[in-house]
Amino acid sequence: SQQGEEDPQALSIQEGENATMNCSYKTSINNLQWYRQNSGRGLVHLILIRSNEREKHSGRLRVTLDTSKKSSSLLITASRAADTASYFCATDDRTGNQFYFGTGTSLTVIP
Amino acid sequence: EPEVTQTPSHQVTQMGQEVILRCVPISNHLYFYWYRQILGQKVEFLVSFYNNEISEKSEIFDDQFSVERPDGSNFTLKIRSTKLEDSAMYFCASSLTTGTGGWQYFGPGTRLTVT
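Which chain is which? The protein sequence lines are B and H, in order. So the first sequence is numbered by this note's numbering: it starts at 920 and just counts up by one. So the second sequence is numbered by this note's numbering: it starts at 393 and just counts up by one.
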C-alpha cells in the first residue's frame, strides 16, 4: 500500500510555538502534498513538493522531502489558534491517477 | 479564486435507495476524482476520471458505484443501493493536470447519512 502515515497522531502546542508533523510513505512518488482539514470541513491544499525537490516554503509553512527515507515533514512556525486543524499528507502513484492520504495529525494550538 | 462545488451539502437516505452526489469541478480542469471519509477515519480514494472514462478505481469502488460526466460541467457519483456503511463524507476533486502537476482542488464535501 502506498498510504502515508503521519506522526504524531495528535499534537497540542501553545500559540507562538512551532509545530512539526511527519509523514512516511512506501513507494516511489511524483509529488507529495500537504492538506489541511478543519473539523467536518473539506480539504484545503497547502503545499506541493515534487520528488526532485528537497525543501519548499510558503509563508509560515516549510516542507521537506527525503525520498531516500520516503518521508516528509511539515513545519508550521509561529503557530496561531487558527492553525488548529487536521493535517494530511497525500502521495500519488507513478501514474498520478491515484492519491493516497495518510491518517492525519490533529493539531491543537492553545491560545 | 475558482472553486469546486458540491451538492447537496447533506443527504439523508434510507438503506437500499439510490443516491446521486453532484460536483461541479473547476471549469478548465481535466481530471476528476471522488474520495470518501468515514467519520474519524482517513480520506480514501474512490475513483479518478479523465477523458470521459475511469482512469483508476480503488477496491472500495465496486459495482454499486458509478461516475458520470453528463454534460460539460457536472461530475456525479451514483451509489445504486446504499448500505449503512456508505455513510461518510464524500469529496469531489479536480485537477488541471496529473502526475507532477497534479494539484487537486477539493470541494467542501457532501455528508451522506444512510439510515
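These are computed hints drawn from the structure, not numbers from a lab. Hints are not guaranteed to be accurate.
In silico DMTMM-like links for lysine to aspartate or glutamate, alpha-carbon gap of 20 Å or less [unchecked claim]:
| id | chain 1 | residue 1 | chain 2 | residue 2 |
| --- | --- | --- | --- | --- |
| 1 | H | Lys434 | H | Glu477 |
| 2 | H | Lys434 | B | Asp926 |
| 3 | H | Lys434 | H | Asp478 |
| 4 | B | Lys989 | B | Asp1002 |
| 5 | B | Lys945 | B | Glu934 |
| 6 | B | Lys989 | B | Glu974 |
| 7 | B | Lys945 | H | Glu436 |
| 8 | H | Lys470 | H | Glu410 |
| 9 | H | Lys434 | B | Asp985 |
| 10 | H | Lys470 | H | Glu436 |
| 11 | B | Lys945 | H | Glu451 |
| 12 | B | Lys988 | B | Asp1002 |
Right, here's what the structure says about each hint:
no.: 1; hint: Lys434(H) to Glu477(H); result: holds (15 Å)
no.: 2; hint: Lys434(H) to Asp926(B); result: holds (14 Å)
no.: 3; hint: Lys434(H) to Asp478(H); result: holds (14 Å)
no.: 4; hint: Lys989(B) to Asp1002(B); result: violated (26 Å)
no.: 5; hint: Lys945(B) to Glu934(B); result: violated (33 Å)
no.: 6; hint: Lys989(B) to Glu974(B); result: holds (14 Å)
no.: 7; hint: Lys945(B) to Glu436(H); result: holds (16 Å)
no.: 8; hint: Lys470(H) to Glu410(H); result: holds (7 Å)
no.: 9; hint: Lys434(H) to Asp985(B); result: violated (23 Å)
no.: 10; hint: Lys470(H) to Glu436(H); result: holds (17 Å)
no.: 11; hint: Lys945(B) to Glu451(H); result: holds (19 Å)
no.: 12; hint: Lys988(B) to Asp1002(B); result: violated (28 Å)
This entry does not satisfy hints 4, 5, 9, 12, going by the numbered hints stated previously.
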